[in-house]
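Letter by letter, the chains look like this.
2 protein chains.
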Amino acid sequence: MAKLTDHARELLTGPNFAFVAELMEDGWPHVSPVWVDLEGDLILVNTAVGRLKERNLRRDERVALSISPLDNPYDHVDIRGRVVRVIDGDEAVAHIDRLGKKYRGWDRYPLPEGEQRVSFLIEPISVR
Amino acid sequence: MAKLTDHARELLTGPNFAFVAELMEDGWPHVSPVWVDLEGDLILVNTAVGRLKERNLRRDERVALSISPLDNPYDHVDIRGRVVRVIDGDEAVAHIDRLGKKYRGWDRYPLPEGEQRVSFLIEPISVR
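Protein chains in written order, with this note's numbering: chain A, 1 to 128; chain B, 1 to 128.
Just so you know, these hints were derived from the structure itself, not from any lab.
If a hint is listed, it holds; no wrong ones were tucked in.
If chains are identical, the list can't say which one is meant, so a pair holds when it fits in one copy or spans any two.
Cross-link-like lysine to any residue pairs, in silico, SDA-like; alpha carbons within 20 Å at most:
no., residue 1, residue 2
1, K102, D71
2, K53, G27
3, K53, R128
4, K53, D75
5, K53, Y74
6, K102, Y74
7, K53, H30
8, K53, D78
9, K53, E123
10, K3, H30
11, K101, P15
12, K101, P73
13, K101, Y74
14, K101, N72
15, K53, P112
Kindly produce the complete structure, drawing on both the sequences and the hints.
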């Protein structure tokens, strides 16, 4: 496990988007922007059950992400990591509420009827 | 080859950053922000010879990228693509000059002494 730099921690706890890359079933990379936060020394990502990102992260632990301040992509931190825990149910809903508050100021995330959430905790392996 | 939507073309030709994911030698994804442009219907990425991204893109054609306006990551287009051409030498230097103009307004990219550039042309396979 790599130690996150202060700058990486600051970017991950601020309302900045992380572009998270994971692997498709055929080995191709897939990348999209997501909300993130820290959970201790692990990186928290939350998505809806059934999405491509969920299927990819459940199948293969290997991820990479790049995060930068919204107004300055030159100031980016690139992280290689590994999914070490998958969280379903109420705890995952509490996570998306927390992210909705952080990014949008919402008291509760407007969860669509029937949508289930899932969280992935990512251990950083290298930070550059 | 997938047809780029008008919105994808607009994002790719504007001064927006693309977060490009490619594959490391061990199959792990790697993602970082890069300057991009269109070259006809192909996506142009340019980097310095010797960088991780260059080694990855030469070794494995499989790439993914996510691009959005600087001020609105919610409005992102995610593309799967394949490197179909690698360009070295003067043509690659002309590309980085063009990108420096587009992103920074520079008449010439301030190429460090001894740095060689390389361009990758990426064919879009799917656009979402």
